Amino acid sequence: MTTTPTSSRPAVRRTRGLQASRTRVALLLLVPMLLVLAAVAGYPLLRTIYLSFTEYNILQDPAPKWIGLGNYWFTTDEGVGLGVLQTPEWWQSVWNTVRFTLGSVLLETVLGLAFALIINSKIRGRGLLRTAILVPWAIPTVVSAQMWNWMYNDSFGIISQWGQKLGFLHTGESFLSNPDTAMAALVAVDVWKTTPFMALLLLAGLQTIPSDMYEAADVDGASPWTQFWRLTLPLLMPALLVALIFRTLDALRVFDMPYIVKGNAPETITMSIYARQELILNSQFGFGSAISVMIFLIIMVFTAIYVTSLRVRFD
Amino acid sequence: MKKAFAIVSLTAAFAAASHGGAVTLTFACDSVGQGYDECQKGANAWAKQTGNTVKLVQVPKETDQRLALYQQQLGARSGDVDVYMIDVVWPGLIGQHLLDLKKYIPQAEINQHFPAIVQNNTVGGKLVGMPFFTDAGVLYYRTDLLKKYGYAGPPKTWNELATMAQKIQAGERKSNPKFVGYVFQGKNYEGLTCDALEWISSFGGGTIVDSSGKITVNNPKAVEALRTIQGLVGPVSPQAVTTYGEEEARNVWQAGNSAFMRNWPYAYSLAQDPGSPIKGKVGVAALPAGPGGKPAATLGGWQLAVNAYSKSPKEAASLVQYLTSAQEQKRRAIEASYNPTIASLYKDQAVLKAVPFFGSLYSVFTNAVARPATVTGGKYNQVSDAFSTAVYSVLTGKSAPGPALKGLEGQLSRIKGRGW
Numbered sequence: 001m002t003t004t005p006t007s008s009r010p011a012v013r014r015t016r017g018l019q020a021s022r023t024r025v026a027l028l029l030l031v032p033m034l035l036v037l038a039a040v041a042g043y044p045l046l047r048t049i050y051l052s053f054t055e056y057n058i059l060q061d062p063a064p065k066w067i068g069l070g071n072y073w074f075t076t077d078e079g080v081g082l083g084v085l086q087t088p089e090w091w092q093s094v095w096n097t098v099r100f101t102l103g104s105v106l107l108e109t110v111l112g113l114a115f116a117l118i119i120n121s122k123i124r125g126r127g128l129l130r131t132a133i134l135v136p137w138a139i140p141t142v143v144s145a146q147m148w149n150w151m152y153n154d155s156f157g158i159i160s161q162w163g164q165k166l167g168f169l170h171t172g173e174s175f176l177s178n179p180d181t182a183m184a185a186l187v188a189v190d191v192w193k194t195t196p197f198m199a200l201l202l203l204a205g206l207q208t209i210p211s212d213m214y215e216a217a218d219v220d221g222a223s224p225w226t227q228f229w230r231l232t233l234p235l236l237m238p239a240l241l242v243a244l245i246f247r248t249l250d251a252l253r254v255f256d257m258p259y260i261v262k263g264n265a266p267e268t269i270t271m272s273i274y275a276r277q278e279l280i281l282n283s284q285f286g287f288g289s290a291i292s293v294m295i296f297l298i299i300m301v302f303t304a305i306y307v308t309s310l311r312v313r314f315d
Numbered sequence: 001m002k003k004a005f006a007i008v009s010l011t012a013a014f015a016a017a018s019h020g021g022a023v024t025l026t027f028a029c030d031s032v033g034q035g036y037d038e039c040q041k042g043a044n045a046w047a048k049q050t051g052n053t054v055k056l057v058q059v060p061k062e063t064d065q066r067l068a069l070y071q072q073q074l075g076a077r078s079g080d081v082d083v084y085m086i087d088v089v090w091p092g093l094i095g096q097h098l099l100d101l102k103k104y105i106p107q108a109e110i111n112q113h114f115p116a117i118v119q120n121n122t123v124g125g126k127l128v129g130m131p132f133f134t135d136a137g138v139l140y141y142r143t144d145l146l147k148k149y150g151y152a153g154p155p156k157t158w159n160e161l162a163t164m165a166q167k168i169q170a171g172e173r174k175s176n177p178k179f180v181g182y183v184f185q186g187k188n189y190e191g192l193t194c195d196a197l198e199w200i201s202s203f204g205g206g207t208i209v210d211s212s213g214k215i216t217v218n219n220p221k222a223v224e225a226l227r228t229i230q231g232l233v234g235p236v237s238p239q240a241v242t243t244y245g246e247e248e249a250r251n252v253w254q255a256g257n258s259a260f261m262r263n264w265p266y267a268y269s270l271a272q273d274p275g276s277p278i279k280g281k282v283g284v285a286a287l288p289a290g291p292g293g294k295p296a297a298t299l300g301g302w303q304l305a306v307n308a309y310s311k312s313p314k315e316a317a318s319l320v321q322y323l324t325s326a327q328e329q330k331r332r333a334i335e336a337s338y339n340p341t342i343a344s345l346y347k348d349q350a351v352l353k354a355v356p357f358f359g360s361l362y363s364v365f366t367n368a369v370a371r372p373a374t375v376t377g378g379k380y381n382q383v384s385d386a387f388s389t390a391v392y393s394v395l396t397g398k399s400a401p402g403p404a405l406k407g408l409e410g411q412l413s414r415i416k417g418r419g420w
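Taken in sequence, the protein lines are chains B and H.
If you're matching positions, the first sequence starts at 1 in the UniProt record's numbering and goes up one per residue.
If you're matching positions, the second sequence starts at 1 in the UniProt record's numbering and goes up one per residue.
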């Protein structure tokens with residue numbers, strides 16, 4: 001009777017000791033990974049934030065010069081605003097990016113859902129269909145962007161030829177060259193390219209819905225329309241939200257496709273293209289870093305809104 | 001084991017070879033038109049002569065893109081590329097990362113070149129680039145079409161160009177629906193800065209920023225110039241000219257789909273190529289002038305420079321010396337219509353036979369208008385970017401010339417900040 005508690009005490013101590021040493025070993029094993037992570041993710045991020053408080057032209061200046069918040073907000077004695085937040089080009093790029101994001105994500109979600117539903121239904125040749133819709137996603141962005149650039153070309157591009165034949169465009173005009181349609185033309189490229197990705201994510205979500213629920217709904221006499229709104233959509237919600245977050249954040253960071261197709265034209269310049277313009281072309285590492293930090297903050301705010309207001313669970 | 005031995009002996013062989021004097025140079029040259037091939041030919045000739053090897057790298061077509069790439073390499077103090085071909089407006093931007101060529105190339109040879117270009121390439125007493133070829137914007141026209149529509153010669157003013165282009169376009173569209181009157185570089189990039197400087201300067205509207213650093217671009221003559229060109233887009237220039245760089249414009253023109261084109265001299269020999277649809281129908285003239293102004297051509301041109309971080313500066317300088325020599329410049333002028341930077345070559349009979357307009361437009365090339373690169377120094381790129389963006393929004397009709405230039409003035413003073 002009396003031996004039990006005494007014998008259990010060292011046992012507890014032993015397991016505790018074992019747990020502690022296991023934790024130690026785990027930590028030790030994690031250290032290299034954490035160091036690598038700090039080096040490749042933490043350091044660049046912190047350095048960008050640091051550089052955003054400095055004036056630093058990589059070609060001319062020997063070292064960064066601390067100027068505090070000057071890159072964000074600074075008014076000279078003559079009343080000239082020099083900060084990012086006082087720069088109209090910056091706000092132009094923000095507005096363009098927002099328009100691009102809204103347009104492309106909305107269309108991609110609707111089309112992606114439609115594709116996912118079609119592929120998920122038992123139709124003939126759906127294996128082939130599934131492969132076929134993945135093609136645009138499989139082509140590297142640089143290649144597809146250049147391809148579209150040619151299709152939009154005013155003198156030999158197929159899209160402009162159609163547009164000119166059907167009377168939407170004048171001779172020598174293309175959807176890209178008209179500032180009013182340029183953004184829509186870019187959204188079209190992005191929709192073509194990324195809808196498959198959306199469809200794939202949603203298809204994965206659809207396949208987790210058990211089929212007996214639909215059988216039960218059929219027995220209860222629910223129409224396909226009701227089944228979609230009452231059954232499919234609510235159960236698909238988690239997958240849909242994750243897909244939406246992915247796409248929104250991607251669209252807010254978009255650089256390659258619009259840059260290749262349209263360069264830094266003011267009507268389509270995105271936040272990332274503007275950041276590249278200042279960082280790389282103008283060598284303004286301080287000012288460019290401030291732009292990057294602003295992009296980072298904007299994306300963080302979007303993520304926070306999504307995650308909290310929609311109560312997304314990642315587990 | 002055998003493999004390891006092979007690797008070791010190969011490495012040893014390479015090491016021995018590099019100690020033996022023969023080096024491999026990396027050369028970032030050209031890619032517009034036949035630029036790459038011509039650079040390759042010249043570099044190969046030098047390599048054969050000296051026993052070294054030259055590796056040519058593929059570079060972006062547009063000058064802004066090239067600059068972005070080179071700035072990254074030089075900013076990181078990388079010696080990966082030994083010899084760079086640099087634009088006429090870059091010495092002030094990247095000069096401190098380039099070698100002083102005075103130490104390697106005899107003064108007598110430097111003195112052969114146009115003094116203005118040598119001056120342009122001298123930064124803080126250092127000669128950072130040897131003149132490779134010079135450039136100025138010229139007007140290309142179709143001699144056959146001018147004759148067909150009853151014109152004796154190329155247009156002298158922008159209004160004349162508009163009238164002629166309109167008439168030719170209207171006539172040609174009947175058989176060729178793709179035909180347009182006039183193409184130029186209207187995309188938002190450095191090329192548009194060159195074109196727009198020509199328009200403004202030919203109206204007497206100055207050079208964006210004057211030599212004392214004052215921002216002069218917001219003036220009535222510049223407004224007038226932009227209004228005139230804005231009026232061309234649509235009626236005689238395709239709307240999509242705002243997506244054209246040098247090569248896009250040349251493609252339209254060389255396919256026989258345009259009456260006039262603004263471009264650099266390199267387009268001449270390509271248009272006169274045996275396979276070209278417009279061979280023998282190509283005329284070259286000075287660009288038109290504004291009312292009361294005189295024709296203006298923007299000074300372009302490229303220099304050869306040696307990376308200050310190069311591991312073989314001596315060989316690199318020797319390659320530069322070879323490629324910028326009179327003999328090589330003559331070959332490039334005859335084979336590919338690149339303008340020499342050596343005055344005597346403009347009187348060379350072989351050169352004049354191959355490219356007749358080098359003689360007749362000599363004064364255009366020697367009196368070309370420089371972009372405000374020297375006065376704006378390290379901020380030139382920002383100035384040029386702001387300028388071309390403002391002009392671009394005028395060309396696309398998003399902005400009227402007056403407000404655009406007023407906005408540009410504000411933006412330029414923001415870039416200027418406390419000084420250039």
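What the hints contain is simulated information worked out from the structure, not anything from laboratory work.
The model shown is predicted, which means the values in this text are computed figures rather than measured ones.
A hint or two may mislead.
As the list claims (entries may be wrong) - Quick list of simulated restraints, FRET-style, between CB atoms: (1) B:M33 x H:V57: 29 to 39 angstroms; (2) H:Y36 x B:W150: 50 to 60 angstroms; (3) B:W150 x H:R173: 49 to 59 angstroms; (4) B:F255 x H:P356: 38 to 48 angstroms; (5) H:Y36 x B:F255: 44 to 54 angstroms; (6) H:P274 x B:Q86: 49 to 59 angstroms; (7) B:L46 x H:D80: 55 to 65 angstroms; (8) B:L45 x H:R173: 50 to 60 angstroms.
Unchecked claim - Cut-off 30 angstroms, straight-line C-alpha distance, at most; resulting in silico cross-link-like pairs (DSS-like, lysine-lysine): (9) H:K214 x H:K347; (10) H:K126 x B:K65; (11) H:K314 x H:K156; (12) H:K330 x B:K165; (13) H:K61 x B:K193; (14) B:K165 x B:K122; (15) H:K347 x H:K174; (16) H:K221 x H:K281; (17) H:K214 x B:K65; (18) H:K167 x B:K165; (19) H:K330 x B:K65; (20) H:K294 x B:K165; (21) H:K178 x B:K165; (22) H:K174 x B:K165; (23) H:K406 x H:K294; (24) H:K281 x H:K61; (25) H:K330 x H:K281; (26) H:K103 x H:K279; (27) H:K279 x H:K330.
Built from N, CA and C at the ideal position, the CB exists for glycine as well.
Tested hints:
no.	hint	in the structure
1	B:M33 x H:V57: 29 to 39 angstroms	37 angstroms, holds
2	H:Y36 x B:W150: 50 to 60 angstroms	21 angstroms, violated
3	B:W150 x H:R173: 49 to 59 angstroms	24 angstroms, violated
4	B:F255 x H:P356: 38 to 48 angstroms	46 angstroms, holds
5	H:Y36 x B:F255: 44 to 54 angstroms	27 angstroms, violated
6	H:P274 x B:Q86: 49 to 59 angstroms	57 angstroms, holds
7	B:L46 x H:D80: 55 to 65 angstroms	28 angstroms, violated
8	B:L45 x H:R173: 50 to 60 angstroms	57 angstroms, holds
9	H:K214 x H:K347	39 angstroms, violated
10	H:K126 x B:K65	27 angstroms, holds
11	H:K314 x H:K156	49 angstroms, violated
12	H:K330 x B:K165	48 angstroms, violated
13	H:K61 x B:K193	26 angstroms, holds
14	B:K165 x B:K122	40 angstroms, violated
15	H:K347 x H:K174	43 angstroms, violated
16	H:K221 x H:K281	35 angstroms, violated
17	H:K214 x B:K65	27 angstroms, holds
18	H:K167 x B:K165	23 angstroms, holds
19	H:K330 x B:K65	48 angstroms, violated
20	H:K294 x B:K165	41 angstroms, violated
21	H:K178 x B:K165	12 angstroms, holds
22	H:K174 x B:K165	16 angstroms, holds
23	H:K406 x H:K294	25 angstroms, holds
24	H:K281 x H:K61	27 angstroms, holds
25	H:K330 x H:K281	24 angstroms, holds
26	H:K103 x H:K279	45 angstroms, violated
27	H:K279 x H:K330	22 angstroms, holds
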